[in-house]
Amino acid sequence: MDKIVVRVLMIAMVLYFLAFAPGTVHAQNPLQPTQIMIGAPATPKPGGLLTVQAVLADSQGHPISKAIVYFTTQQKFLGSTSDVVLAQGVTNASGQAVVQFADDFSGAFALQAEFRGDTQYAPVNATTQVGAVDTAQVYVEHIGVDIPGFNVPPVGAPMASIQSAQPGISGFIQSLWPAMNGWPIAAVLFLVWSMYLFAIKFIFRTAASESDEVDAHSIMPRGLV
Amino acid sequence: MDELNQRDDFTGWQGRFETRVLAEWQARLEDRVLAPLRGTGWRYYAWLGCLLAVLSWALYAYSQQLQYGLIVTNLRDRISWGLYIASFVFFIGISHAGTLLSAILRVTRARWQMSITRMAEFITGVALMVAALFPAIDMGRPDRLVNMLIFGRWQSPLMWDILAIITYLTGSLIYLYFPLIPDFALCRDRLGPQAPAWQRWLFTTAAIGWKGTPAQRQALERAMSIMMIVIIPVAVSVHTVVSWVFAMSLRDPLNSTLFGVFFVAGAIYSGIAAIIILMAVLRWVMHLEEFITKTQFVNLGYLLATLAAIMGYLNISEYVTTGYKMEEGIRFHIQQLMLGPFAGLFWFYILGGILLPLLLIASARTRTIKGIIAAALLVIVAMWIERYLIIVAGFRVPLMAYPPANYSPSWVEWSILAGGFALFALIISIFAKLFPVVSIWEVIEHRGPEPAEAPGSSTASHTGPGDHQPAATNTTVRQTPPPQVSVTRRQTLQVLGFMAVGALIGPSLLFKSRTKSTGLSMQSSDVTAGQRLRRWAMVIDLRNCDGCQSVGKPPQCTAACIQGHFAPEPMEWIQVYEPSLPGGGTQFVPTPCQQCQNPPCVNVCPVGATFSAPEGVVLIDQQRCIGCRLCMEACPYDRRFFNWGEPPIPPEATLIKYDVVMQSPAIRGTVMKCDFCPDLAEAGSLPYCAQGCPNHAIYYGDLEEDVATNGRDVVKLSRFLSENSTYHLKENLGTQPRVYYVPGHGELVGRDAFATGRLPTKWPWLEKLKGSKIWTR
Chain A
983 MDKIVVRVLM
993 IAMVLYFLAF
1003 APGTVHAQNP
1013 LQPTQIMIGA
1023 PATPKPGGLL
1033 TVQAVLADSQ
1043 GHPISKAIVY
1053 FTTQQKFLGS
1063 TSDVVLAQGV
1073 TNASGQAVVQ
1083 FADDFSGAFA
1093 LQAEFRGDTQ
1103 YAPVNATTQV
1113 GAVDTAQVYV
1123 EHIGVDIPGF
1133 NVPPVGAPMA
1143 SIQSAQPGIS
1153 GFIQSLWPAM
1163 NGWPIAAVLF
1173 LVWSMYLFAI
1183 KFIFRTAASE
1193 SDEVDAHSIM
1203 PRGLV
Chain B
10 MDELNQRDDF
20 TGWQGRFETR
30 VLAEWQARLE
40 DRVLAPLRGT
50 GWRYYAWLGC
60 LLAVLSWALY
70 AYSQQLQYGL
80 IVTNLRDRIS
90 WGLYIASFVF
100 FIGISHAGTL
110 LSAILRVTRA
120 RWQMSITRMA
130 EFITGVALMV
140 AALFPAIDMG
150 RPDRLVNMLI
160 FGRWQSPLMW
170 DILAIITYLT
180 GSLIYLYFPL
190 IPDFALCRDR
200 LGPQAPAWQR
210 WLFTTAAIGW
220 KGTPAQRQAL
230 ERAMSIMMIV
240 IIPVAVSVHT
250 VVSWVFAMSL
260 RDPLNSTLFG
270 VFFVAGAIYS
280 GIAAIIILMA
290 VLRWVMHLEE
300 FITKTQFVNL
310 GYLLATLAAI
320 MGYLNISEYV
330 TTGYKMEEGI
340 RFHIQQLMLG
350 PFAGLFWFYI
360 LGGILLPLLL
370 IASARTRTIK
380 GIIAAALLVI
390 VAMWIERYLI
400 IVAGFRVPLM
410 AYPPANYSPS
420 WVEWSILAGG
430 FALFALIISI
440 FAKLFPVVSI
450 WEVIEHRGPE
460 PAEAPGSSTA
470 SHTGPGDHQP
480 AATNTTVRQT
490 PPPQVSVTRR
500 QTLQVLGFMA
510 VGALIGPSLL
520 FKSRTKSTGL
530 SMQSSDVTAG
540 QRLRRWAMVI
550 DLRNCDGCQS
560 VGKPPQCTAA
570 CIQGHFAPEP
580 MEWIQVYEPS
590 LPGGGTQFVP
600 TPCQQCQNPP
610 CVNVCPVGAT
620 FSAPEGVVLI
630 DQQRCIGCRL
640 CMEACPYDRR
650 FFNWGEPPIP
660 PEATLIKYDV
670 VMQSPAIRGT
680 VMKCDFCPDL
690 AEAGSLPYCA
700 QGCPNHAIYY
710 GDLEEDVATN
720 GRDVVKLSRF
730 LSENSTYHLK
740 ENLGTQPRVY
750 YVPGHGELVG
760 RDAFATGRLP
770 TKWPWLEKLK
780 GSKIWTR
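Which chain is which? The protein sequence lines are A and B, in order.
All you need for this note's numbering is the position in the first sequence, starting with 1, plus 982.
All you need for this note's numbering is the position in the second sequence, starting with 1, plus 9.
So here's chain A without its partners, still in its complex pose (with noise of 0.2 angstroms):
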């Protein structure tokens, strides 16, 4: 009988801590489902700015408000590969989130909305292609102010696997800048020796033409000759 007893409390103890010891699992009420709505540009222009909207709804078409939605991307770089948020937006009254952000990358890739869920609704997301093959570079870097003839990119070692002449006028006119890199101070250069020459010649073509005409009584027999 007292083992009995026994079992009963200890059966009963054990019945108590699962129902009421910390971080022990509540039953919940079931979320209720959600669905979700992605809408990008099939092909945007790649380096701008890429508007995309989500629409996140109940089961029965009702908008969910205030909820954030991510726009994520799964993205390979260097053996490596995560989901990463490229941005995240909250839903309006209409449920509809906006973001927009700049579309880096270079071919098509998998736009994915996701709503993570709270103490509501449950988590869902849409994915859609998104992007064209564009071999425009995106990614502009100028710095400093252009000086004619001075700060021009210096000539740089060989690298001719990654550089390449342009076609037509503009590689025309691009392969004529280096000739004029540097004119101010060719030209200033130029000028001290032309001055010098012009009085070196100056000089040397005086004494020629004056040494066959010379008068003899002009020369002293000291001091000057």
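Take the hints with a grain of salt, since some may be wrong.
Sample of chain B residues facing chain A (criterion: CB under 8 angstroms; computed from the structure) [unchecked claim]:
(1) Gln-540
(2) Pro-674
(3) Ile-676
(4) Leu-712
(5) Val-716
(6) Arg-721
These are calculated hints, taken from the structure and not from any lab test.
Ideal Cβ positions, reconstructed from N, Cα and C, are used throughout, including at glycine.
Please build the complex by placing chain B on the supplied structure of chain A, with the hints as guidance.
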């Protein structure tokens, strides 16, 4: 009538007396000045022997430097310029004395200077030649000097320097030669048939048929006028440009707009002192006391005092303005100058080099020849010290969180410096032996004998400053009016027009051909068809960096980099500094090359050996590098390393085929640095440092595709930068680095900020290349 006759007789007698005194004075002048050309005593050869002995010793020292590299000097990465460059600046400075001073005095028609202009012009030519040697001696790869011609870049201050020096040297030699022509003719006629054949040939050729006709005189005067006008701005430009080699850098003590003025004033100051000393020596050796009198010394003394006052003013202006603000680097600099290791030299420069000379000349008691020579000697020594302080003390200011380096020149450096001075004296001595050291014809025309020393001779007063007629008026000379020189205004305009057209077209033709010959493209942002270029960047998350304390090893980023690149000891291309935090404790800051988008190092490279690759990575072509180390001076992050000796690398490193993106094997006498491993990234791998980091603190990314990874996580780069408050090192400099930092002190990997210290870096190879040596930074 008798009275009139008596007066005529007296006037005639006086005229004859004056003519005779003048003729005797001229004869003495010629005899004294031409004496070295007529004969040579044993003392001269003994003097030359001494100079040659010093020069030979210097050549031996330089041969050691050529054999073992610059490791035989005490220059190292953090004070990478020293005695050689200080001496270069010094010699360039004293070169100013000559031509510039001579030109200014000629333009202002100062009569007293005629007997010293030749010496001044000698100093210019010789000092410039000696000065030009020092940068070449300082180069790690003097065998590649020709690269300056092949790959020379206009953007480099060193190239401006070379062009300015060559232009000034050429102008100075022309300016030296013009007034020598009448003296060459005099030598030709005076030395006679007993002179050696080579001497006769030399003077006959150099005199270019000079016979002293009025037309020739006028031509000479005009040619000299052109040169004396042109040479003044050229001379000023030379030392201004020399100062820019330093002032264009981002180092606190050198980053000054006052440098150009400072250098020019200092150059004239030291130059005048050099003239006084040379004048005193030649006066004593050649017994020219009659022709170089106290007048010259005192007048030059006044100039010296004026320049001393200007130098004093500039020093006050410089140190008061910078010292008042006390920026971090400046505070260190002023403390080390005034109270620290350079205090002795600095106060000697200020008190002994500026104040004392000023007092010596200001006081009538000491304004004697000896007093002025003493002042000049003080100035020369002080100005050399000033050059030394600018460079050595300027470089000693730490650029990053490291203890300040120290430098004392080695025996090789002192020997070569002594050789420089010996060479200077040797060339001056040979010049003095070959050519008249005093411009005889100008002294006669402009000056005549000193009244005090030739009483009764009043002829000198007849010749005003602008009077170019001979003072010794021989009755046989026919005074013909000077004919018009055969250069008309039209011809002058033609020449000027030609020069203008040439200035516009010439450079295009010249440099187009050069570019063709190198076959290089200037396009830095080209895109290979069908492919977007990467724009590599790095983010270092300091929250995750504990200096590898947790793994109990030296920083693994550094270790991996050394192993991957065979980086010679003591090069840490990515160095983990440990600066203090504001509230105490420290943080660890791995510091690779910052790969600036506005790279100061690339701007200054004279040969394009360091360049920005289209992907934004700053690379070095060690096969083109001349080892001038201007890039090391320019880098504000102390991220460039020089191979001072034979690099201590493992033998297997020599098997690698050299490539710009690999930088291996290391080459003696060239600069190396972190290259961002673009070769690894192209192959789809992280750089060595990121691979080695146990805490994944280093992200490597592409700004073009806006993505980065640390080998574990991939992040959108722009968002990562924004959300983590990243910063650049020394952002205020505007270098636009491609290395970003997330602030922190290793807190995400459990490091306490007060747990300081890290293990020292070790180079793993057991066996090093034969003949290699290890140096310290």
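Verification of the hints:
With 8 angstroms as the threshold, the beta carbon of Gln-540/B comes within range of chain A, its nearest partner Cβ sitting at about 6 angstroms, so the hint holds. Interface restraint check: Pro-674/B against chain A, minimum CB-CB distance 17 angstroms, threshold 8 angstroms, status violated. For Ile-676/B, the interface hint is violated, since its Cβ never comes within 8 angstroms of a Cβ in chain A; the closest pair sits about 14 angstroms apart. The closest approach between the C-beta of Leu-712/B and any C-beta of chain A is roughly 5 angstroms, which is under the 8 angstroms cut-off, so the hint is satisfied.
At a threshold of 8 angstroms, the smallest CB-CB gap from Val-716/B to chain A is about 5 angstroms, leaving the interface hint in force. Because the smallest distance between the Cβ of Arg-721/B and any Cβ of chain A comes to about 7 angstroms, under 8 angstroms, the interface hint for this residue holds.
The structure fails to meet hints 2 and 3 from the earlier list, while all remaining hints are met.
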